[in-house]
Amino acid sequence: MDVQLLQDSWWPMWRDAILGTIPLALISFALGLVLALGVALLRLSSRRLLSGIGRVYVSIIRGTPLLVQLFVIFYGLPTIGVTIDPWPSAVVAFSLNVGGYAAEVIRAAILSVPTGQWEAGYVVGMSHARTLRRIILPQAARVSVPPLSNTFISLVKDSSLASLILVTELFRKAQEIAASTTEFLLIYAEAAVIYWIICTVLSFGQDRIEKKLEQYV
Amino acid sequence: MSEPLMSARGIHKSFGDNHVLRGVDLDVRPGQVVALIGPSGSGKTTMLRSLNGLEMPDAGTLAFDGGPEIDFSRPVPAAQRFAARDRSAMVFQHHNLFPHKTVLQNVTEGPVQVRKVPRAEAEARATDLLARVGLAEKRDAYPRELSGGQQQRVGIVRALALQPDLLLFDEPTSALDPELVGEVLHVMKSLADEGWTMVVVTHELQFAREVADEVLFLDGGVVAERGAPAQLFTHPREERTKQFLHRILRPLD
Ligand SMILES: Nc1ncnc2c1ncn2[C@@H]1O[C@H](COP(=O)(O)OP(=O)(O)O)[C@@H](O)[C@H]1O
Ligand SMILES: [Mg+2]
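The listed protein sequences correspond, in order, to chains A and B. This note's numbering puts the first residue of the first sequence at 5, with every later residue one more than the last. This note's numbering puts the first residue of the second sequence at 53, with every later residue one more than the last.
Pulled out of the complex, with its shape left as it was, chain A reads as follows (with noise of 0.2 Å):
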């Protein structure tokens, strides 16, 4: 094994996952629990046009790989004039995606609250948004963590399909080397030991919020 090589290669991967994949990852899951908590109130409206929207949105979220959704809007943009740089390209992809599949964890979570918290909300006299803001989103935010924090881990290993659109992040890094070096599965199995680091890191994270959490139902 070149351990040489190893070293040499370890800090501009994980440079490249402090930089790339991780800003990456927390900007379009950001972008997308916005996107997600629109469609789910689309979802959940009861005018027909606006949950049927929603439902074609997520349904077209679900239905196509997220592989093609990002070479849909890199690669097939320009063709009609709209060209976009692979680091916003990634992130519109991915937000896209996360408002998919975010959506519907927020519309159940709202769906498990209680209709007792609408009456009562409405019996102290706050109007339907209202409700839903101070009494409902509190209380499904609870139940969506858990889910969310799911959907997050997974957007982080996900990040790495932006490598194909050219996009400077961890496993670009990775497959750079590997060509320069053909040092193959050396240098992807570190690419892999560093994603698993950062997921760990994650799920420990995950557990301790949950934890947190339970105190309060």
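Fair warning: there could be bad hints in the mix.
Subject to a maximum C-alpha distance of 25 Å in a straight line, what follows is the list of computed DSS-like cross-link-like pairs (lysine-lysine) [unchecked claim]: (1) 153(B) to 215(A); (2) 168(B) to 153(B); (3) 216(A) to 190(B).
Facing chain B, a subset of chain A residues (Cβ under 7 Å, in silico) [said to hold, decoys possible]: (4) 120; (5) 123; (6) 143.
By construction, these hints were calculated from the structure, which means they are not laboratory data. Glycine included, C-beta positions come from ideal geometry on N, C-alpha and C.
Starting from the known structure of chain A, fit chain B with the ligands onto it as the hints suggest.
Only chain B with the ligands this time, still in chain A's reference frame:
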């Protein structure tokens, strides 16, 4: 006799094929306590919810202070609906306290967020009210840290803090362990003594007998009998009232 504070006439409500309310009249005068009794499924909850807009009746009218009537057989404008809703406050069977808010926040949520009462003022008033039901030291607790009876007392205080003209109670003690029922009924009795106007759905016949000014026996979606408690409980006129009272008072017979 004084003018009714609230007057409901000919309330009808169906859920699908289930015609639950079939023309119920209910008048409440200021300071009066009306008890609504009747078998399970007779429409008591539905009637109570119709009085404050949680349920939209299919027909009938509702008026406050002899003012303009809401006619349920026509579409009710939201403004009218909210105006009617804000006259009353409901205490639920399962308290429905906000689990993510403290006792104090539960009580001040309506006054501060909706009525725009300054927070300090709302908190001072909430603290007073909590003290009156013996829960002053629980103001910073969360609902899950309270017993069922304490939760229900907070539910009552949350309703009082809205300063409604009319308090609506939907079987506030029926989900409680027997030994906790008394503390809640005590609070309700003291509210009645203070002159609050109340409509109470209850199976606590002793409470109805001692506290109510009028008792309505609801059966099959109609008021089968109404009268002063002394009369209705001791000399019910209707056969079905007799049978109902008998079932509650002597369940083993
Ligand atoms: N939201 C609803 N949807 C469908 N049926 C309902 C609903 N609420 C009440 N009902 C029905 O209306 C009838 C009367 O219910 P309710 O008013 O709760 O009776 P009570 O409080 O006297 O026990 C019952 O048959 C019940 O199943
Ligand atoms: Mg009921």
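Status of the hints after comparison with the structure:
1. 153(B) to 215(A): holds, 19 Å
2. 168(B) to 153(B): holds, 18 Å
3. 216(A) to 190(B): holds, 22 Å
4. 120: holds, 4 Å
5. 123: Cβ of residue 123(A) sits 6 Å from chain B, so the hint holds.
6. 143: Hint on residue 143(A): holds, closest Cβ of chain B at ~6 Å, below 7 Å.
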